[in-house]
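K.L.:
Using the sequences and the hints given, assemble the complete structure.
First to last, the sequence lines map onto chains W and D.
This note's numbering puts the first residue of the first sequence at 1, with every later residue one more than the last.
This note's numbering puts the first residue of the second sequence at 1, with every later residue one more than the last.
Bear in mind the hints are in silico, worked out from the structure with no lab data behind them.
A virtual CB, placed ideally from N, CA and C, is assigned to each residue, including glycine.
Among the hints, a few may not be true.
Cβ pair distances, simulated, as ranges [to be verified]: (1) W/SER814 / D/GLY25: 38 to 44 Å; (2) W/LYS16 / D/SER35: 51 to 57 Å; (3) W/SER814 / D/GLN9: 56 to 62 Å; (4) W/SER739 / D/GLN128: 54 to 60 Å; (5) W/LYS16 / D/SER125: 31 to 37 Å; (6) W/TRP9 / D/GLN128: 20 to 26 Å; (7) D/SER125 / W/TRP9: 18 to 24 Å; (8) W/SER739 / D/ASP170: 51 to 57 Å; (9) W/LYS16 / D/GLN37: 51 to 57 Å; (10) W/TRP9 / D/GLN196: 35 to 41 Å; (11) D/GLY122 / W/LEU316: 21 to 27 Å; (12) W/LYS16 / D/GLY193: 40 to 46 Å.
For reference, the chains in residue letters:
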Amino acid sequence: MIILLSKVWHDLWSNKSRTMQVVLVIALGSIGIGLVMGGNNLIANTFNSQWKLANPPHIKLGVTPALDDDQLNALKRIEGVDQVQGVLSGSMEWRKLGDTKWQNARLESRPDFRAQKLELIGLITGQWPDRSGLGVIRSADELYGVAEGDTIEVRSNEQVRRFILSGTLKPVGPFPVVFLGQPVFYADRSTFARLTGRDTFNIVEVRGPQWSRSAAEATDLRIQDYFKDISVDSVGLEFPFQARVVSPEVSPGVELLSAIFLILGIIGVIIIILGIFLVYNSISAIITQQISQIGVMKAIGARPWQVLYGYALLVLTYGGLAVMVSIPLGALGARSLQGLFVNLLNLDNPPFRLDPLAVSVQIGVCFVAPLLAAMLPLLAGLRISVREAIATYGLTGSSGLMDRLSARLRKVPFSLILMVGNAFRNPRRVFFIELTLVLSGVIFMMVLGVNDSTSFTFDRKLRSIHNYQVTLSFENLELAQRLENLARSDPGARAAQAWLALPIQGRPAAQKEAAVTDARFTVFGLPTDTISSTTAIPVDATIPALTTSPASGDFYQPDIIEGRWLIAGDSSAAVITRRLANARGWQVGDRITLSASNDRDTTWEIVGITFDPLVQSAAFVPLAALQRASGEAGRANTLFVQTSSVDPAAIQSNSELLKTIYKGRGMDVAPSSVFRYNTITEIVSNTAGGFSLIIQLLAIMAVIIAVVGGVGLSGVLSLNVLERTREIGVLRSIGASNSRVLRLFMGEGVLLGWLSWLVALPLSIPAAYLMSTVGLSAALNQNLIYHFSPYGALAWLFIITLLALIASALPARSATRVSVRESLIYQ
Amino acid sequence: MASLSQPSQYIVELKDLTKSFIVGGQPVQILKGISLQFEPGEFVAITGPSGNGKSTVLNMITGIDRPSGGEVIVNERAVHTMSENSLAVWRGENLGIIFQFYQLLPSLSLLQNVALPMEFVGRFSHRQRLQRAMELLEIVGLVDQAYKLPGMVSGGQQQRAAIARALANDPPLLVADEPTGNLDAETAESVFGLFQCLVTEQNKTILMVTHDADLAQRMPRIIEIRNGLVACDSIVAPEIFVPARLIPSKIQ
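P.N.:
In C-alpha cells form, the structure reads like this:
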C-alpha cells in the first residue's frame with residue numbers, strides 16, 4: 001500500500017494547521033496524564049526512598065511532661081523496642097542581626113547529632129551545632145532570608161543572645177518546611193537548655209527490631225502503660241495526621257499526595273475524553289471532506305479494508321506525532337511537579353528519569369484513544385455508497401429541523417438565520433464540540449470556584465469568626481483581669497479578652513477510665529457574660545480597669561451547625577468543633593468527660609457543634625467553669641485584642657508593643673500563640689496551607705483544559721470553513737462582502753461558545769461545591785466552605801468568546817482570500 | 001447468482017432494467033424497462049435529454065447504483081446481485097470508469113493516481129506498477145506531467161490522466177459519463193481520438209454518455225434514452241437515426 005502511504009503523507013503535510021490541531025488535541029490529553037501519573041510516581045518514589053534513608057521510627061510521640069534521660073532509657077527495656085531516640089523541640093524568637101522585627105522559629109536538638117539513631121538529620125555544609133553556633137535548615141534562605149554564615153539574635157527569658165549560623169542541616173526524609181511557616185534552627189543540648197530553660201525530651205521516637213503494624217501497636221500499648229506509671233501523657237506526632245504508629249516502608253505524606261493526585265488524575269482523564277471527542281470530530285470532518293475520494297477509490301477497486309487502512313494510518317501518524325510531543329513535555333511537567341514537591345518538603349532532588357508506567361500510558365493514549373475515536377466516522381464513511389460519495393458539481397447538503405423552522409421566519413435578518421442554521425448544520429459535530437466546551441467550562445469554572453471558596457473560607461469567613469487583630473499566649477497562667485487591663489496600655493488597643501486554653505483528654509461520660517485512645521484536643525474557656533472573672537481580684541492600681549468587658553461573641557463568632565453556642569448561666573455546657581464531633585461520633589446532647597493534666601475529671605454536656613476553618617479539633621466551655629475544673633480560679637493564658645486600626649503594619653506594631661508591655665510586667669509571653677501566629681494577618685495568610693498548592697495544580701489542569709477547548713473549537717470552525725469554501729464562493733458571487741462573510745463565521749463560533757457557557761455555568765456550581773466541600777476537604781483533612789463568586793463565570797465567558805472569535809476569524813479570513821472561481825470549484 | 005453458466009457473446013447485457021428514486025417523498029421512476037446488449041469492441045454513445053436516465057444506466061452497469069428491477073450482466077457477472085465489497089474488487093479488475101469531473105485524488109501525483117487501481121487489485125510489484133503507469137501516461141501524452149498533482153495541470157490533462165487510470169488494470173470495458181463535458185472543443189477532440197484508438201487498437205468496449213451531438217454522430221452506435229426508455233438504437237435502426245433528430249435533443 002505504498003501509494004496509499006503517499007496519500008497519507010500528503011494529507012498530513014498539505015494541511016499542516018489541521019495536522020497540528022489534531023496532534024495538539026491528542027498530545028494535550030497525553031501530557032495531562034503524563035504530568036499527573038509521572039509526577040505522582042516520581043514524587044512517591046522520591047518520598048519513599050528518602051523516607052527509608054532517614055531510618056524512620058515506627059512510633060513517634062509527643063510527651064507531656066518531657067522525659068529525662070533515665071525515663072527515656074527505661075523505654076529501651078520495654079518488649080518490642082529496639083531503638084529509642086529522644087528529641088528536644090521547642091520554639092524561640094529570633095531576628096537577623098540588624099533587623100528590628102522578632103520572628104518565631106522552631107528550635108530542635110538531639111543528645112548527640114553525630115550519633116543519631118532515628119529520623120536522621122544530615123549536615124549539608126558547615127559544622128554541627130555547638131555552644132556558639134546554631135544550625136539552620138536548608139531552604140531557610142529562600143523562604144526566610146537567613147542562611148549559614150548569618151548572625152542572628154535569639155530572645156529568651158528577657159535575654160538576647162547572638163549566634164552564628166555555623167551549619168546547614170536537613171532532615172534526611174521529607175519535611176514540610178513551607179507548611180511550618182517558620183524556619184527551623186538546630187542547637188546542641190546545652191544551648192537548647194539555655195534558650196528554652198528545658199533539658200528534657202518532649203518527643204520520643206521508637207523503632208522495633210522488625211516492622212509489623214501489629215507488633216508496633218502492641219509495643220505502643222506497652223509504652224502507654226509505662227507512661228501511665230510515670231504520669232506522662234503522649235500524642236501521636238507523625239505528619240500529616242498525627243498518627244502514633246507509622247510504617248517505615250511508605251512515607252505517610254504519600255497518602256496525602258495520592259489523594260491530591262487522584263483528583264488531578266480524574267481531571268486528566270476528563271482531558272483525554274475531551275481529546276477523544278475532538279479527534280472524533282476532526283476525523284469525521286476529514287472523512288466528510290474526502291468522501292468523494294473514498295467513493296472514487298471504491299469505484300476504482302478499493303476494498304473497504306484498504307480504505308480503512310489508509311485512514312487508520314493517518315490517525316496512527318497523528319498519534320505518533322503526539323507521542324513525540326507529549327512524552328518529553330509530560331516528563332518535563334512531571335519533573336517540574338517533582339521539583340515543586342521536593343522544594344516544599346525539603347527533599348534531595350533526584351536525578352531525572354522517565355517514569356515507565358506513565359510513558360506507557362501516554363503511548364497508549366496517543367495511539368489507542370484516537371484510533372477508537374476515529375473508528376465510528378471511518379466505518380460510517382465506508383458504508384456510504386459510491387453514488388452518494390461521488391460529489392456532483394454545486395452545493396451539497398440537506399436541510400434540518402433548524403432550517404425548516406427558520407424558513408418560516410420573516411422579520412429576522414437572513415444572515416442571522418443563515419448563521420444560526422450553519423452553526424447547527426451538523427448535529428453530531430455540534431454535540432461533540434459542545435460537550436467538549438461544556439466540560440472545559442465546567443472544569444475551568446470549578447477550579448475558579450474552588451479558589452474563591454478557599455479565599456472565602458480562609459480569609460473572609462475566618463476573619464468573621466475570629467474578630468480580633470492580635471492574639472498572645474502566655475507560658476504561665478496569669479490573672480485574667482490583669483491581662484485584659486494591661487492591654488489598655490497599648491493606645492491602639494480597643495478591647496481585650498482573656499481565655500484559658502488547656503490540652504485535654506476527652507472521652508464519653510459512660511467510659512469510666514481514661515484510655516490512650518481517648519480524644520486529645522484543646523479546650524477553650526471563654527467568658528460567657530459581661531464580667532471577665534467571677535471573683536474580685538486585686539488589680540494593678542496604676543492601670544485603670546476596663547469598665548466593661550465585651551461579650552465573647554464580639555471576639556469569636558463561629559458558625560453553629562447544630563444546637564447552640566454558650567450562653568450566660570451555662571456551667572457545664574460544652575460546644576465542640578465539627579471535626580471532633582465527626583471523629584468521635586459525638587452529638588448534641590451527649591455527655592463527655594474531660595481530663596485535665598491535674599487528673600481532675602469533669603463532665604460536660606454537648607450543647608452545640610461549630611465550624612471554624614482555623615480551629616479543627618477543640619471544645620469551648622464557660623471560662624469560669626473551666627477555671628474551677630482546673631483549679632485555676634481567675635486565671636487565663638490566652639489573650640485576644642481588638643485594635644483601632646486594621647492596617648496590617650499597625651496590627652503588627654500593636655502586637656510587638658503588647659508583647660513588650662507584658663514582658664515589662666514580668667509575664668512570660670510565648671513566642672507563638674495558640675494559633676501559631678500573633679496577628680490575624682499572619683493567621684489568614686498562613687492557614688490556607690495545602691490548599692494553595694493544590695489550587696495551583698488544579699489551575700494548571702484548568703489551563704490545559706481551556707487550551708483543549710480552544711483548540712477543539714478552533715479545529716471544528718476551521719473544518720466548517722473548509723467544508724463551506726464553495727458556499728463562501730457562492731455568497732460572495734451574489735454580493736456578500738468579505739466582512740459579511742467574516743461576521744457570519746465569527747458569529748457561528750461565538751454562538752457555539754456562548755451556548756456552551758450557558759450549559760456549563762449551572763453545572764459548574766455543584767461541581768465546585770462538591771470539589772470544595774467533599775473532594776478537597778477529604779483529601780486535605782480540612783473544612784472548606786463553598787462560596788459562589790461570579791468572577792469564574794465571567795472569566796470563562798470572556799475566554800470562550802475570545803477563543804471563538806480567534807478560532808473563527810483566522811480560517812474565515814483565509815477563505816475570503818481565495819478567488820470566487822477557486823471557491824466554487826473547491827472539492 | 002453472481003455468474004452465468006452459459007457463455008455470452010455480449011460483454012454487457014441489460015434485461016428489462018427499471019430504477020425508481022424517491023424525490024420529495026414521492027417515487028419517481030427513472031428507468032422504465034431498459035433492455036440493451038453490447039458486444040466486445042463496441043464504441044457506443046448514450047444520448048438523450050437531461051434527467052431521462054442516461055447516467056443512471058451507466059451507474060447500473062458499473063454497480064455504482066442498483067436497479068429496482070431487471071438484470072445487469074457484465075462480463076458474465078450478474079452485477080446487480082453482488083455485494084458492495086465484491087463490486088469494488090470486480091470493478092478494479094473488469095471496469096474502467098471515467099467521470100465528468102475527472103475525480104483524481106488531489107493528494108496524489110498523476111503517476112500515483114494511475115498506479116493506484118493496480119495497488120488496490122494487488123497486481124504487479126510496486127516498481128512494475130509505476131512503470132506501467134508511466135507507459136499509460138505516455139499513451140495519453142502526459143509523461144512530462146507524471147509527477148505533478150492534479151491541481152497543477154489543466155482539465156484536459158486531468159481527464160487524460162483519468163483515462164490512463166481507467167486503463168490501469170487493462171479492463172475490457174470502459175465507461176465514461178460525459179468525459180468531454182468539462183473540456184474545450186480541442187481537448188474534447190483529443191480525448192475522443194484517444195477513445196477511438198482504444199477501441200480500434202486494443203479492442204476495448206467503450207460506453208460513453210454524451211450531450212455532444214457532433215461527437216455522438218461520429219460514433220458507430222448511438223442509443224437515445226428518453227423518458228426512461230430506449231427511444232432509439234442506431235444499431236437496430238440505423239436508417240432512422242439521422243443527425244437532424246439529435247438537434248432538438250441538443251436544444252433541449
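K.L.:
Would you mind marking each hint as holding or not holding in the structure?
P.N.:
Evaluated hints:
| no. | hint | in the structure |
| --- | --- | --- |
| 1 | W/SER814 / D/GLY25: 38 to 44 Å | holds, 40 Å |
| 2 | W/LYS16 / D/SER35: 51 to 57 Å | holds, 54 Å |
| 3 | W/SER814 / D/GLN9: 56 to 62 Å | holds, 58 Å |
| 4 | W/SER739 / D/GLN128: 54 to 60 Å | holds, 55 Å |
| 5 | W/LYS16 / D/SER125: 31 to 37 Å | holds, 33 Å |
| 6 | W/TRP9 / D/GLN128: 20 to 26 Å | holds, 22 Å |
| 7 | D/SER125 / W/TRP9: 18 to 24 Å | holds, 21 Å |
| 8 | W/SER739 / D/ASP170: 51 to 57 Å | holds, 55 Å |
| 9 | W/LYS16 / D/GLN37: 51 to 57 Å | holds, 53 Å |
| 10 | W/TRP9 / D/GLN196: 35 to 41 Å | holds, 38 Å |
| 11 | D/GLY122 / W/LEU316: 21 to 27 Å | holds, 22 Å |
| 12 | W/LYS16 / D/GLY193: 40 to 46 Å | holds, 42 Å |
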